[in-house]
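226 is the number that our numbering gives to position 226 of the sequence shown; each next residue is one higher, with no gaps.
The set of hints was computed from the structure by calculation and includes no laboratory data.
Note that CB positions come from ideal geometry on N, CA and C, so glycine has one too.
Wrong hints could be hidden among the right ones.
Computed spacing ranges between beta-carbons, pair by pair [to be verified]:
{"hint": "1", "residue 1": "His-146", "residue 2": "Glu-100", "range": "48 to 54 Å"}
{"hint": "2", "residue 1": "Glu-92", "residue 2": "Arg-306", "range": "17 to 23 Å"}
{"hint": "3", "residue 1": "Asp-353", "residue 2": "Pro-297", "range": "26 to 32 Å"}
{"hint": "4", "residue 1": "Gln-58", "residue 2": "Leu-291", "range": "41 to 47 Å"}
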Amino acid sequence: MWSDRRILDLLAIEHPIIQAPMAAASNAELVGAVSEAGGLGSYGAAGDRPDRLRSVVQAIRQRTGRSFNVNLFSAHTEAFDRDARPGPRLAERLEAYHRELDVGPVPEPGPLFGPAEEQFRVLVEEGVPVISLHFGADAAMVARAHQAGAKVLCSATTVAEAKALEDMGIDAVIAQGAEAGGHRGTFTVDYRRALIGTMALVPQVVDAVSVPVIAAGGIMDARGVVAALALGASAVQMGTAFLGCPEAPIAAVWRDSLEAAGAEATTVTEALSGKPARGIRNRYVDEVEALDEPLLPYPAQYSVSRVLRKAATERGDSRFLAMWAGQGVGLIRRRPAADLVNELVAESQKLLDRLAGA
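Construct the complete structure from the given sequences, taking the supplied hints into account.
Right under this line is the structure:
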């Protein structure tokens, strides 16, 4: 069915459909269901301690004997300034939120992610077949992954980033368009210079590198899949589409907000984490952006709202959540993950046949 088999053969999957890793929105159940359906299930491990990560990998293996992916944030994202403190306006705003929700004092900034080296060691020891990276890659880590028999993917938001990743030995490049939900993978320039749409980015990356290219950003159904393949991509990576699946471990209020949202509901903001990420605009984003004050660096900015976000999740309060979503959110469907993969495959085949005049 699929004329370009480069990704299929490289990753040992049946269909060119990759479920995006989505830290805090993926689990063994979702990963296993997607992989069992012939796609590549992916787990976002950024916030996991090594012991938890090992248990998740083992849980995935209990659900599928097929290929799967585990994603890590690059090690440089762990850098944390222990002297960092919110500016006066942000501090005042956070204190007001905590009083409003009656959740005690605002926490001190703290590290949230990693340590990437220990996480990576777990993946090697457990023989994870596919490892993907975000916020750039490290050539030495790529080489170590290859020595362990893993294939390595990494996100790029510009042609220059894609070429740099190829030089590092990456097996396939994920071309992340501006429409994509979650954190921008930009690692060489200011993110504002790298907000290139998927339709424009993918063919330019395809022409610039010899490794297979995976299209990501705004792809929600068969129309997006087929369009990406027509642009030269060998596969697609879809995140927001899988947030509609019951297996995705997200709060009900997040899922409800996704289903109520349209394309205009999302924005790229640094207000939540300190790094640019696309999600549904809410009160927290609007008011923190309006402070007109330098934010804390990532991940300190993310950490100071952790108590607030936990309380909001427990109470179903969308005003203070980080609800990552891409611009295709208006096309979300509530489906079990396996059904979604099967529908994408069937609908893509029909569309390909129609375009071929069959």
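| request: Enumerate the violated hints, using their earlier numbering and listing them in ascending order. | output: Going through the list in order, the structure violates hint 3 alone and respects the others.
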